[in-house]
Structure formats: structure tokens, C-alpha cells
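Enquirer: Sequence:
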Amino acid sequence: MAEGQQNSPHINGENIIPPEDVAKFLPKTVEEGGWEKCWEDGVTPWDQGRATPLVVHLGHDVVAMASPERYVVGLDISESALEKAAETYGSSPKAKYFTFLKEDFFTWRPNELFDLIFDYVVFCAIDPETRPAWAKAMYELLKPDGELITLMYPITDHDGGPPYKVAVSTYEDVLVPVGFKAVSIEENPYSIATH
Numbered sequence: 001m002a003e004g005q006q007n008s009p010h011i012n013g014e015n016i017i018p019p020e021d022v023a024k025f026l027p028k029t030v031e032e033g034g035w036e037k038c039w040e041d042g043v044t045p046w047d048q049g050r051a052t053p054l055v056v057h058l059g060h061d062v063v064a065m066a067s068p069e070r071y072v073v074g075l076d077i078s079e080s081a082l083e084k085a086a087e088t089y090g091s092s093p094k095a096k097y098f099t100f101l102k103e104d105f106f107t108w109r110p111n112e113l114f115d116l117i118f119d120y121v122v123f124c125a126i127d128p129e130t131r132p133a134w135a136k137a138m139y140e141l142l143k144p145d146g147e148l149i150t151l152m153y154p155i156t157d158h159d160g161g162p163p164y165k166v167a168v169s170t171y172e173d174v175l176v177p178v179g180f181k182a183v184s185i186e187e188n189p190y191s192i193a194t195h
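Using my numbering, count along the sequence shown one by one with no gaps and you end on 195.
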């Protein structure tokens, strides 16, 4: 990624940056100010400007899943990301069916447990040594019959991160020991190639 380049580059007609390129610049950006700095500077290659093909980067997924039958909570640790999401979707007709909260996923304990959790980029963004804590937190945030949906990204063979590469076994290694079982593992024909 060229110095000063913002999000929304187009590669093969898609609004993405290959994970190996993100893995080259993001650690330096994180070292210089973290997740918040990425949002402040507009260095958000994960934001595709729409909901992911399955259904909180800027809240697209949160809003896409929200409905009268489903109240959706979107978490982020970045105040700037949350401000952008509120600016983008605050006046949405669906606004009464979702909320955005600034919380640390690993320490946040809501009043109620969730029926469903959708994780897109937390797993790949955290240090692989932190993944068992991710699995434990997922388990603790879900109702006993709740479901975890993860969009696996990036499915590539690159070194370093974030994003760190993932595979089905990467998830199984941390989810099975805390009590999860795979119900379905499917390729999404509409997904971006690295997802």
C-alpha cells in the first residue's frame, strides 16, 4: 500500500487489499497509535463499504442483520470507528434495532447473553496467542444454545499480521476445547476470494 493511501483501493474490481499487503503496513500503523489511529487516518482496508457477503467495520454487518425480530449490538474499541458508524447509520430506518458500543470484547460482560455472535475480523486481528481467550469470551457471551458464526479471513499463506492467516483447524484448535462443535462449515460462493 502506498504511503498516504486510504481505504477503498480496488483490486480485481473488488474493494479489498490482499491480506499480505495489510500484514505489511498494519503492524507499523498499530505500533504508531493502534486501532484508533487507523480509523482517525482513514487507513481502513477492511471496510468494503457494504455488508460482507454473508450478510463492525463501520457497522455495515450490524445494520444488515438488524430487524424488528433481531436487535443487534456492534462492538468496537475505537471511538473513531463508532463515530463513523453512527454518522453513517444513525438516521437509518433500522436505527431502533441496533446499537454500537465502545467495549473491549475480552472484558465486556453484558446484562444478557447472546443468541448469535458474528465475528468477521476479531479472530484474525488478534495475536494468535490470544485466540484461546477469544474462544473463552465467545463461549461466555453466548446463551447455552447460542450460535457463533465466523467469516474466516484471511485464507491465504502469508507470514505475520495482523491480519494473521487462518484455517478451519485454527478455529477448531481454540473452539473445541471450550465446548463448541462445528455445525456447518461452508464456502460462500459470493465471498471475496481470501474469505
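Derived by calculation from the structure, the hints in this document are not laboratory data.
Among the hints, a few may not be true.
[To be verified] Pairs of lysine to aspartate or glutamate residues, derived as EDC-like cross-links and limited to a Cα-Cα distance of at most 20 Å, are as follows: (1) Lys136 - Glu112; (2) Lys143 - Glu69; (3) Lys136 - Glu172; (4) Lys96 - Glu83; (5) Lys136 - Asp173; (6) Lys181 - Asp115; (7) Lys94 - Asp104; (8) Lys102 - Glu129; (9) Lys84 - Asp41; (10) Lys84 - Asp61; (11) Lys84 - Glu112; (12) Lys143 - Glu83; (13) Lys136 - Glu147; (14) Lys102 - Asp119; (15) Lys102 - Glu69; (16) Lys94 - Glu129.
[Unchecked claim] Here are the computed distance ranges between Cβ atoms for each label pair: (17) Val178 - Ala95: 27 to 37 Å; (18) Pro144 - Asp104: 37 to 47 Å; (19) Asp157 - Pro132: 33 to 43 Å.
Even for Gly, the Cβ is constructed at its ideal location relative to N, Cα and C.
Enquirer: All hints, please: hold or fail.
Expert: For each hint, the structure was consulted:
no.	hint	in the structure
1	Lys136 - Glu112	holds, 17 Å
2	Lys143 - Glu69	holds, 17 Å
3	Lys136 - Glu172	holds, 13 Å
4	Lys96 - Glu83	holds, 17 Å
5	Lys136 - Asp173	holds, 12 Å
6	Lys181 - Asp115	holds, 16 Å
7	Lys94 - Asp104	violated, 25 Å
8	Lys102 - Glu129	violated, 24 Å
9	Lys84 - Asp41	holds, 12 Å
10	Lys84 - Asp61	holds, 14 Å
11	Lys84 - Glu112	violated, 26 Å
12	Lys143 - Glu83	violated, 29 Å
13	Lys136 - Glu147	holds, 14 Å
14	Lys102 - Asp119	holds, 16 Å
15	Lys102 - Glu69	violated, 24 Å
16	Lys94 - Glu129	violated, 37 Å
17	Val178 - Ala95: 27 to 37 Å	holds, 34 Å
18	Pro144 - Asp104: 37 to 47 Å	violated, 24 Å
19	Asp157 - Pro132: 33 to 43 Å	violated, 23 Å
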